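Here's the letter readout for the chains.
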Amino acid sequence: MQEILDFLRGPAFRFTFVLMVLGLLRILILDIWGAVDAYRRAGDKKLAWGDAFRKTVQWLFPVQRGFNKRPIYSAVSILFHIGLIAVPILLYAHIQLWDGSIGIAWWSLPEFWADLLTITTMVFGFMLFLGRVGSANARFLSRKQDYLWPLLLIVPFITGYVCSNMAVSATTYQLTMLVHVLSAEIIFVLLPFTKIAHCVIMPLSQFVVALCWKFPARVDEKITKTLDKEGAPV
Amino acid sequence: MRTKPINEEERQKAFAPVRSEEIAERQNLHVRYNVEDFDVSERPRRFLEAFAAILRHTNYRFALDHFVRISAKCSRCAVQCPVYQATGDPHDIPCYRSELLLSIYRRHFTLGGLLKGRLTGTGHLTDEKIQEMADSFWNCTACRRCTLECPVGIDHALITHLGRFILSEIGIAPRALVVSTREQLEGKTGNTSAIPLPALMDTLEFLEEDMEEELGVKIDFPMDVEDVEYFFIPAVSDFLMEAETLMGIAAVMKATNASWTIGTEYYDAINYGLFYSDRILERVIRKLYAESERLKTKKILIGECGHASRSAKYYVPVHCGGDKAKPVLNIMEYTYKMLKEGKLNLRPGTITDRVTYHDPCNIARQGWIVDQPREIIRAFCSDFVEMKPNRRENYCCGGGGGTVSIDEMRPYRTTVGGKTKADQVRETGAKYLIAPCANCKKQLRELMEDQGVDCEVVGLHDLVYKAVVFEEKKKTEDLIAKKG
Numbered sequence: 001m002q003e004i005l006d007f008l009r010g011p012a013f014r015f016t017f018v019l020m021v022l023g024l025l026r027i028l029i030l031d032i033w034g035a036v037d038a039y040r041r042a043g044d045k046k047l048a049w050g051d052a053f054r055k056t057v058q059w060l061f062p063v064q065r066g067f068n069k070r071p072i073y074s075a076v077s078i079l080f081h082i083g084l085i086a087v088p089i090l091l092y093a094h095i096q097l098w099d100g101s102i103g104i105a106w107w108s109l110p111e112f113w114a115d116l117l118t119i120t121t122m123v124f125g126f127m128l129f130l131g132r133v134g135s136a137n138a139r140f141l142s143r144k145q146d147y148l149w150p151l152l153l154i155v156p157f158i159t160g161y162v163c164s165n166m167a168v169s170a171t172t173y174q175l176t177m178l179v180h181v182l183s184a185e186i187i188f189v190l191l192p193f194t195k196i197a198h199c200v201i202m203p204l205s206q207f208v209v210a211l212c213w214k215f216p217a218r219v220d221e222k223i224t225k226t227l228d229k230e231g232a233p234v
Numbered sequence: 001m002r003t004k005p006i007n008e009e010e011r012q013k014a015f016a017p018v019r020s021e022e023i024a025e026r027q028n029l030h031v032r033y034n035v036e037d038f039d040v041s042e043r044p045r046r047f048l049e050a051f052a053a054i055l056r057h058t059n060y061r062f063a064l065d066h067f068v069r070i071s072a073k074c075s076r077c078a079v080q081c082p083v084y085q086a087t088g089d090p091h092d093i094p095c096y097r098s099e100l101l102l103s104i105y106r107r108h109f110t111l112g113g114l115l116k117g118r119l120t121g122t123g124h125l126t127d128e129k130i131q132e133m134a135d136s137f138w139n140c141t142a143c144r145r146c147t148l149e150c151p152v153g154i155d156h157a158l159i160t161h162l163g164r165f166i167l168s169e170i171g172i173a174p175r176a177l178v179v180s181t182r183e184q185l186e187g188k189t190g191n192t193s194a195i196p197l198p199a200l201m202d203t204l205e206f207l208e209e210d211m212e213e214e215l216g217v218k219i220d221f222p223m224d225v226e227d228v229e230y231f232f233i234p235a236v237s238d239f240l241m242e243a244e245t246l247m248g249i250a251a252v253m254k255a256t257n258a259s260w261t262i263g264t265e266y267y268d269a270i271n272y273g274l275f276y277s278d279r280i281l282e283r284v285i286r287k288l289y290a291e292s293e294r295l296k297t298k299k300i301l302i303g304e305c306g307h308a309s310r311s312a313k314y315y316v317p318v319h320c321g322g323d324k325a326k327p328v329l330n331i332m333e334y335t336y337k338m339l340k341e342g343k344l345n346l347r348p349g350t351i352t353d354r355v356t357y358h359d360p361c362n363i364a365r366q367g368w369i370v371d372q373p374r375e376i377i378r379a380f381c382s383d384f385v386e387m388k389p390n391r392r393e394n395y396c397c398g399g400g401g402g403t404v405s406i407d408e409m410r411p412y413r414t415t416v417g418g419k420t421k422a423d424q425v426r427e428t429g430a431k432y433l434i435a436p437c438a439n440c441k442k443q444l445r446e447l448m449e450d451q452g453v454d455c456e457v458v459g460l461h462d463l464v465y466k467a468v469v470f471e472e473k474k475k476t477e478d479l480i481a482k483k484g
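Chains as they are written, first to last, in my numbering: chain X, 1 to 234; chain L, 1 to 484.
With the rest of the complex left out, here is chain X (with noise of 0.2 Å):
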């Protein structure tokens, strides 16, 4: 058990990692790429920048327009999303192992707020997941990722929290710990290859969505002659 842990914990943890962290500068880069090529083909390269710019803040921090229509859904995603993203980065023990392993360490959360985002990751995160169960919207537009991902989301804290809070023996430990550290890998490993994504795209969505109105010059040239359409009436 141990030996599968320190393999987890060792070298499948970097590997995983590193794959997240390319996958994500993958479609980053994809994505900054086509947004500069869109531009480069743009007839008109006059963007609305701010307008862009406002949207994007306002759907970062959603205080405002998240609360207009469904409030509780909005509360719940947004405090979801507040613990998924803090526990992970600023958890005290998290931090340490960076210390441990490369020599950096930063600010963490007191063991207060720790323990309160993660209980409130685990429980809003299982709400998102019945939500989906329960609307008969959400259900007809699911495919299986949509109900899988907040619950895979929510192992890692679950599995966190036993780890460090309750007394347990140990290999009940060991075999916490195990899931913990395998169902973050899951995690870093699927994280670029679907919807998770974006987790690093979204902030672009609106300057890509500016842009793809920006249509190149003379297209109608170019596509009736693709489609061998020269001289077809409207």
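Hint data in this document are derived by calculation from the structure and do not stem from the laboratory.
Computed from a prediction, not measured in an experiment: that's the story for all the values here.
Please note: incorrect hints may appear among the correct ones.
Distance condition first, Cα-Cα at most 20 Å in a straight line; then the derived SDA-like pairs of lysine to any residue [unchecked claim]:
| # | chain 1 | residue 1 | chain 2 | residue 2 |
| --- | --- | --- | --- | --- |
| 1 | L | 337 | L | 229 |
| 2 | L | 475 | L | 212 |
| 3 | X | 229 | L | 45 |
| 4 | L | 343 | L | 379 |
| 5 | X | 69 | L | 90 |
| 6 | L | 73 | X | 229 |
Assemble the complex: chain X is given as a structure, and chain L must be docked to it using the hints.
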């Protein structure tokens, strides 16, 4: 405001078949609009070819890549969509509509989709999917209200726009729009309403006489005057249906000593390309711009029409020289500017009946023209009430996205698309509903009639016409009064 879903009787009315079964079978297409006969063979292959050609020459590809990566299927957009609110049908949730096209993109144009498709042999484009898109994309009014609500920033209207474009390339587009556009680009009259030039000249002459009689001021519609400031071009249907709007605009131009002209070689700002084809959009824009070049005007002034204003404002720079292209204005921007600069006087309290204002989606959604008309209205109307929500968050009239020009869709438009708008108008208790858009006006009149709302639909300049103060005339009247 949140409208109640339609009842069974309204549903039957809205979704009654509009095409004969024989035509639907022959075209293998069950939709709520008429379509000219087209090649029905190998539709999936031809759809994919058209899709590929469009992706190759446009900017859609990177946006689709972005959307397929982030689409979270949260269904939040449903709360903003007036069509979904009326039907309660999950097929009308904007995110579902977008997925119709995104799934094809994912399956046929991404590496992962191609591999998965090969391995599983599923997910490929079928005739049934084309049928569903042809129906779904034209149920949408393209109001873009859903874009306000998507937390990850997907523009569902952009996807609908692209979907309609691809469908049109394989021959699936509403006949009403295609026939009008054919006349505009290739017909003798060169406009969507097929109004010959002599008829146009007669109409304008008649309106000039009317204005002189009513206002006691000689007001012209200048034709083909070169080197002036503004090339004025309204939706051509205004010449037939909205004479009062045109008279109001002419009165404003006269009162402000504007240097302007109408062109005789091209006088139609309607651009149905915005609704179904970027190729058509571009051709119409180029035709409009060529007329302004011929007349050597400095600016282009679009009449009261939302989609014509949006298409000209945003696509004249795209297709006619970027920064160097002539500026495009909507007539309300002009009137507002003159009012603010003190060059236009409107008699306060001219209209005492209650008025309300409908924001046309194409000029309001991006916040372009929202405050200007309100300031104009407040200058001469004493009882102005707002519909809620309004401005950027307004509800569509129900005839957006070109559907208003498809007569066979009227039961759908006035029962489903415009249901919320009818409720909004009813709630204001207004006598006049100001709708500064040719399409919105037509739809709203039909909507008021079909939904039994007692409210007169007018253009903004229809009312401005009654309030314009002509300085010369005023001076003469003051002098007479003094002497008297």
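How the hints compare with the structure:
Proximity of residue 337 of chain L to residue 229 of chain L is assessed by CA-CA distance (about 15 Å); at most 20 Å being required, the pair is judged to hold. For the proposed pair residue 475 of chain L and residue 212 of chain L, the alpha carbon gap of about 17 Å is at most 20 Å, so the pair holds. Our distance criterion of 20 Å between C-alpha atoms is met by residue 229 of chain X and residue 45 of chain L, whose separation comes to about 16 Å. Under the criterion of a C-alpha separation no larger than 20 Å, the hint pairing residue 343 of chain L with residue 379 of chain L is consistent with the structure, at around 13 Å.
The straight-line distance between the Cα atoms of residue 69 of chain X and residue 90 of chain L is roughly 18 Å, inside the 20 Å bound, and the hint therefore holds. The straight-line distance between the Cα atoms of residue 73 of chain L and residue 229 of chain X is roughly 38 Å, outside the 20 Å bound, and the hint therefore fails.
In the structure shown, a violation is registered for the earlier hint numbered 6 alone.
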